[in-house]
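Protein chains in written order, with this note's numbering: chain D, 1 to 229; chain P, 230 to 458.
None of these hints come from the bench; they were simulated from the model. One or more of the hints may lead you astray.
Computed footprint of chain D on chain P, listed as stretches where at least three residues anywhere in the stretch have a Cβ under 8 Å from a Cβ of chain D [stated by the list, open to error]:
| # | region |
| --- | --- |
| 1 | 231-245 |
| 2 | 364-373 |
| 3 | 382-391 |
| 4 | 396-407 |
| 5 | 430-441 |
The calculated DSSO-like cross-link candidates involving lysine-lysine, where the alpha carbons are at most 30 Å apart (straight line), are [said to hold, decoys possible]:
| # | chain 1 | residue 1 | chain 2 | residue 2 |
| --- | --- | --- | --- | --- |
| 6 | D | Lys195 | D | Lys103 |
| 7 | P | Lys361 | D | Lys195 |
| 8 | P | Lys321 | D | Lys89 |
| 9 | P | Lys243 | D | Lys185 |
| 10 | P | Lys318 | D | Lys92 |
| 11 | D | Lys92 | P | Lys323 |
| 12 | D | Lys89 | P | Lys424 |
| 13 | D | Lys94 | P | Lys321 |
| 14 | P | Lys243 | D | Lys94 |
| 15 | P | Lys232 | D | Lys195 |
| 16 | P | Lys323 | D | Lys94 |
| 17 | P | Lys414 | D | Lys14 |
| 18 | D | Lys195 | P | Lys332 |
| 19 | D | Lys94 | P | Lys424 |
| 20 | P | Lys424 | D | Lys75 |
| 21 | D | Lys185 | P | Lys323 |
| 22 | P | Lys414 | D | Lys195 |
We put the beta carbon where it would ideally sit given N, CA and C, even for glycine.
Number of protein chains: 2
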Amino acid sequence: MIKIIPIRGIPEVKYGDDVGEIIINACRREGIELQDNDIIVVSQVIVSKAEGNVVNLDDIIVSKHAEQLAALTGKDPRHVEVILRSSRKIVKVKGGVIITETKHGLVCANAGVDLSNVGEGKAALLPEDPDKSAQQIRNRIRDLTGLDVAVIICDTHGRPFRRGTINIAIGCSGLEPLWDRRGEKDLYGRELRSKVTCVADELASAAELVIGQADEGTPAAVIRGYRYE
Amino acid sequence: MIKIIPIRGIPEVKYGDDVGEIIINACRREGIELQDNDIIVVSQVIVSKAEGNVVNLDDIIVSKHAEQLAALTGKDPRHVEVILRSSRKIVKVKGGVIITETKHGLVCANAGVDLSNVGEGKAALLPEDPDKSAQQIRNRIRDLTGLDVAVIICDTHGRPFRRGTINIAIGCSGLEPLWDRRGEKDLYGRELRSKVTCVADELASAAELVIGQADEGTPAAVIRGYRYE
Chain D
1 MIKIIPIRGI PEVKYGDDVG EIIINACRRE GIELQDNDII VVSQVIVSKA
51 EGNVVNLDDI IVSKHAEQLA ALTGKDPRHV EVILRSSRKI VKVKGGVIIT
101 ETKHGLVCAN AGVDLSNVGE GKAALLPEDP DKSAQQIRNR IRDLTGLDVA
151 VIICDTHGRP FRRGTINIAI GCSGLEPLWD RRGEKDLYGR ELRSKVTCVA
201 DELASAAELV IGQADEGTPA AVIRGYRYE
Chain P
230 MIKIIPIRGI PEVKYGDDVG EIIINACRRE GIELQDNDII VVSQVIVSKA
280 EGNVVNLDDI IVSKHAEQLA ALTGKDPRHV EVILRSSRKI VKVKGGVIIT
330 ETKHGLVCAN AGVDLSNVGE GKAALLPEDP DKSAQQIRNR IRDLTGLDVA
380 VIICDTHGRP FRRGTINIAI GCSGLEPLWD RRGEKDLYGR ELRSKVTCVA
430 DELASAAELV IGQADEGTPA AVIRGYRYE
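The shape of chain D in the complex, shown without the other chains (with noise of 0.2 Å):
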């Protein structure tokens, strides 16, 4: 059986804040006994506020590229130019969605650019490096409790093709996110040919089912049970 379990309690995040004193905080109040092998998952927006990944939009010399871009989406233009600036390339622009590669390699809607749960006139970007700070996450739990933890940063993102959005995992440390079963046999034999589950996002999209993603200051939760490399 694997266990899902919210974080409740988490204080707002400020740039300088250590999120794995915050988690391991959390979960003392709470009551939740980490565990050696539990799955820490973290909302990628409390992470790039600890590491200060915030814009004032007011802030934001806009180009020329990002003043045409926001009149063909309707976006605010500081808002466009932050995505540009954490772009490799623009992958598709359609209605008021602009689609982008950022520097990480993500392909999603805005460069993961986030004017939500962030305050009025502010915007979070991705953190810079999600695996190493899910690393700097799991070194600072391990430090203070001995334990060893795997450590999920997420994000909701949209599907082409696909109504809704999910959330996935845009860091991790810890565990491999992608379980390559190629090789391995099936009910009858037959060998598996192109079966490579990306059980991060698998965990991801399972946290957020205790996530809140509006106001309900639940920005993580953990994951037991569930058997890892």
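Could you slot chain P onto chain D? The hints should help.
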């Protein structure tokens, strides 16, 4: 807290089998006491088998079009023929993969026609009407136990721009697949503009953390503790 409980010990499913009854019996053997508001996630392959949605490849008469596509992709021409018959249109052909829009409107590789876990020389098609399949299983569980559960039919799919497959919902009954949160407020009182979460997909992904895809023989799971409408 949410729990994901594997339903182990489900025997091989054959044409005409009663999936609802099979699930109930397996739960009883495993000591899983189903409750109102549990969500039962069922892998499409056992639904397709029970509904007889399996074809013998030797019986398939291959069209010219399928032959050409088979040559292009290196696939078995009979497999390609079944893919084409299950599809409304071809979205993309690249390498060994044929992406189509199925008759249901799903955009996925090979129209979801699977050669795994179905026996040599056979192919399992997606259920004809997965929402209806989910409803029948749900009704059957209600008839047998008096319990009101939700049912999701799931399948693993790849994603554009993203490595690895994840489990998604291809049909459901008893819960709203999309949770429309537009109009709700974020932590700072800012209105959410584009927040529609596909909880059905997140539940399906969560279930795959315990559902086996190779030779485990665990084609279903119970998710407990998720509050849905």
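Now the hints, each set against the structure:
no.: 1; hint: 231-245; in the structure: holds (count 6)
no.: 2; hint: 364-373; in the structure: violated (count 0)
no.: 3; hint: 382-391; in the structure: holds (count 5)
no.: 4; hint: 396-407; in the structure: holds (count 4)
no.: 5; hint: 430-441; in the structure: holds (count 8)
no.: 6; hint: D:Lys195 with D:Lys103; in the structure: holds (28 Å)
no.: 7; hint: P:Lys361 with D:Lys195; in the structure: holds (28 Å)
no.: 8; hint: P:Lys321 with D:Lys89; in the structure: holds (22 Å)
no.: 9; hint: P:Lys243 with D:Lys185; in the structure: holds (20 Å)
no.: 10; hint: P:Lys318 with D:Lys92; in the structure: holds (22 Å)
no.: 11; hint: D:Lys92 with P:Lys323; in the structure: holds (20 Å)
no.: 12; hint: D:Lys89 with P:Lys424; in the structure: holds (25 Å)
no.: 13; hint: D:Lys94 with P:Lys321; in the structure: holds (20 Å)
no.: 14; hint: P:Lys243 with D:Lys94; in the structure: violated (46 Å)
no.: 15; hint: P:Lys232 with D:Lys195; in the structure: holds (26 Å)
no.: 16; hint: P:Lys323 with D:Lys94; in the structure: holds (24 Å)
no.: 17; hint: P:Lys414 with D:Lys14; in the structure: holds (20 Å)
no.: 18; hint: D:Lys195 with P:Lys332; in the structure: holds (24 Å)
no.: 19; hint: D:Lys94 with P:Lys424; in the structure: holds (18 Å)
no.: 20; hint: P:Lys424 with D:Lys75; in the structure: holds (16 Å)
no.: 21; hint: D:Lys185 with P:Lys323; in the structure: holds (26 Å)
no.: 22; hint: P:Lys414 with D:Lys195; in the structure: violated (40 Å)
In this structure, the earlier hints numbered 2, 14, 22 are contradicted, and the remaining ones agree with it.
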